[in-house]
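Undergrad: Work out the full structure, taking the sequences as your base and the hints as a guide.
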Amino acid sequence: MFDPLALAVALPLLGALLVTMLPGWSRALGMLTALATTVVALWLTVTVWGGASLHSDLGGWGVPLGIALRADGLAAALVAMANLVALAISINATGYFGTAESSRKFWPLWLLLWSALNGLFLAADLFNLYVMLELLGLSAAALGALTGTREAAEANLRYLLVGLLGSMTYLLGVALLYTAYGTLDLEQVAASLTPGPVALSALALMVGGLLLKAALFPLHFWLPPAHANAPAPVSAALSALVVKAAIYLVLRLWLDLFDGIVTEAAGMLLGLLGAGAVLWGSWRALRAERLKLLAAYSTVAQVGYLFMFLPLLTATPDGPERERLLTALVLLALTHGFAKAGFFLAAGLVQKSTGHDRIRELGGAAQSLPAATFTLGLAGVALIGLPPSGTFFAKWVLVGQAIALGQWWWALVVMAGTLLAAAYVFRVLARAFNREPTPKCFLTDPRTEIPALLLAALSALGVGLAAQPIAVLLGAGD
Amino acid sequence: MKASRLQTVLIPLLLSAIGAVLFWAFWSGVTGHEGERLAALALARVPESGASNPVTSVLLNFRAYDTLMELAVLLAALLGIWSLGPAAAPYQPAALLLNSLVSWVVPMLIIAGGYLLWIGGQAPGGAFQAGALLGAAGVTLALSGRPNAGLPDESWLRVLAALGTLVFVLIGLTLMFLGLGFLTYPPALAKALILTIETGATLSIGATLAAAFLGGQPRATRTAEP
Amino acid sequence: MSHEILITQLLYGGAGLLFFLLGVWSFISHEPLWRKLIALNIMGAGVFHVLVAVAYRGLDAPPDPVPHALVLTGIVVAVSATALALAFGRRLDREDSERTPEVQGVDDREDGTHV
Amino acid sequence: MNLDPYLPLAIVLSSALPGALIFFLGEDSYRLRTALNLFGALLKIILVGWMIWGVFHGHVYESRLTLMPGLELVLSADALSVLFVALSTVLWLVTTIYAIGYLEHSPNRSRFFGFFSLCVSATVGIALSGNLMTFVVFYEILTLATYPLVAHRGTPDADHGAKVYLAYTMSGGVLLFVGAVWLQTLVGQLTFTQGGLLGAAPEALHGQFILIFFLLLAGLGVKAALVPLHGWLPQAMVAPAPVSALLHAVAVVKAGAFGIVRLVYDVYGVEFADDLGLLTVLGVLAATTIIYGSLKALSQDGLKKRLAYSTVSQVSYIALGASVLGPIATIGGLVHLVHQGIMKITLFFCAGNYAETLGVHKVSEMNGIGRRMPWTTLAFTVGALGMIGIPPVAGFITKWYLGLGAATAGAYWVIVVLLVSSLLNAAYFLPILYRAWFRPPPDQWPEEAVLSKRLETAPALLWPPVVTALLAVVAGLLAAAPFSPLEWATLIAEREYGR
Amino acid sequence: MNPLLLGFDILLSTTLLGLALAALTSREPRRGVILFIAFGLLLALVWARLRAPDLALAEAAIGAGLAGALMLSAARRAARRRQ
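The listed protein sequences correspond, in order, to chains A, B, C, D and E.
Every letter in the first sequence is one number past the one before it in UniProt numbering, and letter 137, counting from 1, is 137.
Every letter in the second sequence is one number past the one before it in UniProt numbering, and letter 188, counting from 1, is 188.
Every letter in the third sequence is one number past the one before it in UniProt numbering, and letter 113, counting from 1, is 113.
Every letter in the fourth sequence is one number past the one before it in UniProt numbering, and letter 423, counting from 1, is 423.
Every letter in the fifth sequence is one number past the one before it in UniProt numbering, and letter 75, counting from 1, is 75.
Calculated directly from the structure, the hints in this document are not laboratory data.
From the three backbone atoms N, C-alpha and C, an ideal C-beta is built for every residue, glycine too.
Mixed in with the good hints, there may be bad ones.
[Stated by the list, open to error] Chain B side only, calculated, beta carbon under 7 Å to chain A, not exhaustive:
(1) L41
(2) Y65
(3) G80
(4) S83
TA: Given below as structure tokens:
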């Protein structure tokens with residue numbers, strides 16, 4: 001009767017339509033949609049956690065003629081994270097977009113983006129994924145430009161174009177697969193895929209196109225300006241969710257579709273690019289002069305860690321080690337999602353109250369906004385990878401498996417990345433400790449601060465310690 | 001300079017190599033595939049779909065979900081365009097001769113659009129083509145100097161742009177609540193539902209394309225539109 | 001599969017691949033927005049062309065409707081993206097003309113004067 | 001219902017949760033903040049008392065959280081952890097009272113006390129860690145919780161000191177992390193085991209074990225301020241006095257030293273470590289640190305700096321004890337964990353009192369200070385004499401056992417180190433005592449404040465050093481009594497050597 | 001295989017390719033866009049030949065027509081700015 005898979009996509013879409021038609025009610029309708037969607041998403045996750053991986057044939061035709069939606073553990077984990085983060089961003093946005101005008105622009109696009117995210121995580125059809133990618137890309141670029149500055153428009157135009165290049169490339173891969181295998185369903189293609197020129201080309205095209213969207217070094221050039229110039233709630237969504245969606249898709253293709261096609265050399269290539277991303281992104285974050293630019297480069301770096309798992313996953317045979325590695329990967333992705341969203345929301349608060357986000361001049365701001373500073377600190381813990389954040393345990397597994405496989409160089413990258421991350425996070429936090437007048441109270445604007453704080457707290461204290469249930473969830477889909 | 005010269009040589013070389021691999025892959029994909037792909041399956045089930053044009057069957061029934069999301073993409077583009085600023089100033093009113101031409105062309109386009117929508121169930125045509133013609137009618141009006149391309153003012157335009165998708169998603173959800181599944185049409189109603197959805201979609205597509213052509217948020221109308 | 005179909009598929013599919021590659025080349029090598037957009041659209045046309053070629057099953061047999069539906073969807077998505085990108089371009093042009101007085105008059109607001 | 005599995009967790013949370021609440025308090029809620037602080041500290045003492053009683057009666061306390069196969073967070077109580085937990089719990093109560101007196105009128109109090117509580121929670125977590133991963137987790141949390149305390153003043157100096165502190169500890173943390181992970185890939189699990197968990201490892205791995213030992217030692221040595229990793233400690237002196245007290249006596253430095261003890265006894269096993277030749281290296285490092293720290297202390301005029309270098313030197317007695325094979329030296333090292341804590345905290349409290357009451361920061365300003373502040377100076381004298389090793393103060397016990405252990409093991413060079421260091425201790429402490437008691441006081445103190453009408457300084461500042469000085473004497477006098485630090489150290493040593 | 005048809009196919013493809021190249025290499029905006037529209041229209045023709053009349057209609061109306069009209073107005077701005 002109720003199909004949580006379809007609802008997770010259809011509800012935000014419905015909300016977007018209503019908000020488009022009734023712009024005067026956008027805030028109320030938007031929040032209502034946000035709440036309902038999150039409830040559905042969590043319900044979906046809990047169902048999968050209970051051991052049932054979900055499947056739904058839209059239109060009732062069944063694959064390969066119709067389109068299916070599917071939720072295994074991996075999808076459910078990301079759906080849960082994405083929807084919680086999106087809910088927090090929504091609450092924050094009710095405060096951030098104060099005026100009616102920008103609020104009207106924000107809500108319909110934001111709900112469309114949300115719909116695309118859920119659709120992407122749950123999709124089981126290769127072409128449907130293309131449509132979702134485009135919906136995601138278009139709405140994200142439009143949202144990113146809402147600041148109205150020239151920099152934002154320029155950066156997001158570039159983001160849009162790069163995204164289009166990526167999705168076109170992806171689509172050619174899909175066309176090749178359809179040519180050779182006559183179906184668009186992910187599982188069906190996976191079942192019949194054999195090594196050969198088609199598989200190879202499709203792998204290169206699809207993963208290559210997605211890497212552009214995932215901003216893997218050196219294809220990250222578009223990300224920092226786009227994420228740094230967007231309004232803070234949008235930056236949070238872009239860094240925490242939109243990039244994650246592309247990475248999720250790479251992972252999905254890597255593990256499910258091209259399992260057996262991918263070689264260790266291919267994994268090594270992506271791992272090395274990931275390592276490059278960690279070092280370069282962290283270095284640029286350290287040199288960044290603005291808080292949001294720092295956060296954006298930090299995203300480049302964190303994306304790198306996720307890709308460093310690929311060579312290890314490819315080299316590890318099925319078994320408990322591989323499952324552990326996968327759990328760690330998801331743990332890292334979730335932690336980063338929460339942390340980066342919290343970080344950007346807090347950065348937005350700082351920017352709003354001081355009128356700028358230049359790190360050098362943050363001294364007073366950090367002191368007068370204790371909640372925002374605290375949020376930056378907690379999220380920073382997760383970004384550095386200090387315990388008990390999920391990042392710490394994920395890195396533990398990553399380094400452990402790297403050493404066990406004799407690929408010790410990844411450990412060196414993790415070490416360097418951790419130290420650089422500590423340097424760039426504490427460069428900001430150090431500004432908090434000066435002799436400014438003491439704040440009288442912890443919260444100054446609860447509606448915008450509490451969501452950010454909760455996200456950051458979840459990243460630093462929650463996700464890591466919940467590794468066990470997450471592992472159960474991931475195992476549930478198999 | 002040196003780098004760019006290197007690029008002008010390297011990029012085509014690289015792309016040629018990629019092209020060779022792609023062609024090889026395409027070759028082996030085409031020759032290696034013995035079956036029918038989805039053609040036979042899809043064609044066999046067209047009669048159950050509520051439309052006799054196979055493409056319409058796929059678009060609005062088998063893969064209706066894709067089409068729904070595609071309408072969402074169109075809407076996202078329009079909203080994005082609106083968020084980037086106001087529409088361009090209207091074109092100068094056209095000369096008298098041209099104007100009378102416009103008053104012929106526009107109704108023709110609208111009628112043709114209606115025909116394509118109607119015929120789409122059986123023959124080539126359908127919501128997108130029909131919507132495109134409506135959009136073209138709007139573009140013609142815009143080019144002849146109508147400030148809002150014959151579109152209603154913003155609040156109604158919003159309704160119009162979202163309407164098709166709204167009808168689509170509401171039908172999908174209703175069917176789900178009825179226990180049939182999201183976008184699962186009962187065979188008896190399929191034809192009517194598809195036509196309803198297509199009608200809404202045509203209007204929305206036409207309005208959206210015309211509004212997109214204006215390139216920004218509609219300005220307050222100065223004169224009443226015909 | 002008949003010879004004729006195979007050759008047609010390969011011919012047109014190959015042409016599609018070429019469009020795609022030319023589009024990529026042009027996208028990478030040229031800076032102006034309109035050139036990038038033409039490049040993207042030709043890339044897209046290339047992919048669609050491949051799909052249409054694959055759907056072809058001879059002059060006597062009905063073609064595969066599924067790729068056709070995909071292409072139709074793709075066309076609409078492509079035009080949406082193009083329209084959005086052009087709106088971005090217009091926005092940037094407007095900022096430029098507001099900033100540098102000597103190019104004032106190329107503001108899109110005066111588009112109509114030429115018609 | 002059996003509450004035993006929750007006790008270690010409860011001990012950690014008894015300060016962490018009040019600490020987390022304190023962050024959200026307004027600056028002006030003085031009473032509530034003080035109440036939370038004291039409530040946490042007293043609750044922790046009660047819980048620890050309960051645990052000591054239980055451990056003595058053979059109860060096993062273990063809180064366990066499985067994250068993934070092979071990744072488990074374990075808090076458990078063995079004799080060694082109880083020793084450290086008891087020390088930090090008692091000293092935390094005293095320090096909290098002192099800090100309330102010291103800081104309640106300066107800005108950002110909620111932030112300070114929040115991190116203060118987290119700091120001791122992390123320390124207790126380190127003490128109770130049942131495996132190396134848990135240890136690393138709390139070790140890193142400790143880094144994180146102490147950074148804001150060092151930076152608290154917000155002056156450029158504090159900023160710089162905190163940065164140096166962070167650079168050292170983060171680098172050390174990363175090495176520790178990699179060492180621990182590497183070790184886990186070799187042996188599978190990292191549970192602290194009496195007698196060591198590597199004993200049965202194949203010969204082929206010995207090379208890697210040696211490398212890992214140095215990685216881990218580097219990570220631990222940073223906090224334990226082993227030369228040449230001690231550079232942060234004198235810089236961190238910019239922190240407020242209660243923080244210095246905490247860093248030097250209870251938390252950071254002690255955590256490093258405790259980690260070295262864990263590493264030698266419960267990870268490698270003291271005999272296995274000796275087989276690999278690691279004890280000698282550790283001993284040489286410790287001895288170098290002892291002499292170097294004392295020499296540097298000689299030339300410092302700043303009182304806190306002198307105390308800081310004294311810490312560098314004194315903490316390495318613990319490592320020195322661990323590096324000499326044989327139970328008696330072990331006892332000496334372990335008991336110094338407690339003794340150094342009590343004595344050094346006394347000294348820092350006194351230094352804080354001088355600064356806060358009279359504005360005296362330098363040794364050269366301390367002429368006649370004993371007449372102005374007799375109780376504080378008496379406490380200081382007890383601490384200083386203890387450091388030198390004069391009976392009946394606790395420091396004597398340490399040096400006695402260390403010397404005896406070295407003689408038993410035939411490591412006579414250790415005795416030479418002890419003698420030289422004691423002479424140096426005397427050389428940098430006795431002049432202070434002489435000035436304080438026998439030189440005439442100046443006409444005017446640098447910055448005198450009237451903090452109390454009847455007492456020489458505010459009561460919350462005066463009682464803590466007096467109490468800890470008393471403890472130092474009692475620990476020395478009643479060393480043979482049951483439950484004394486010495487008895488407990490003996491118990492641990494017996495278990496480690498399997499007797 | 002009908003050689004006449006094959007010849008026709010080759011001719012169509014070559015023309016398409018030529019148009020695509022011309023559109024992509026054109027430096028002058030308006031010329032480039034008009035070439036692109038021509039490309040789109042011819043593409044529609046080819047798709048009609050490949051028995052895809054729906055797509056031919058859509059490509060002519062949307063791909064060539066509307067996208068062309070959109071780009072034409074952008075090209076006009078670009079052209080004017082270059083003067």
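Undergrad: Each hint should be assessed against the structure and marked as holding or not.
TA: These are the hints, each one checked on the structure:
no.	hint	verdict
1	L41	holds (6 Å)
2	Y65	holds (5 Å)
3	G80	holds (3 Å)
4	S83	holds (4 Å)
In terms of the numbered hints stated before, the structure departs from none.
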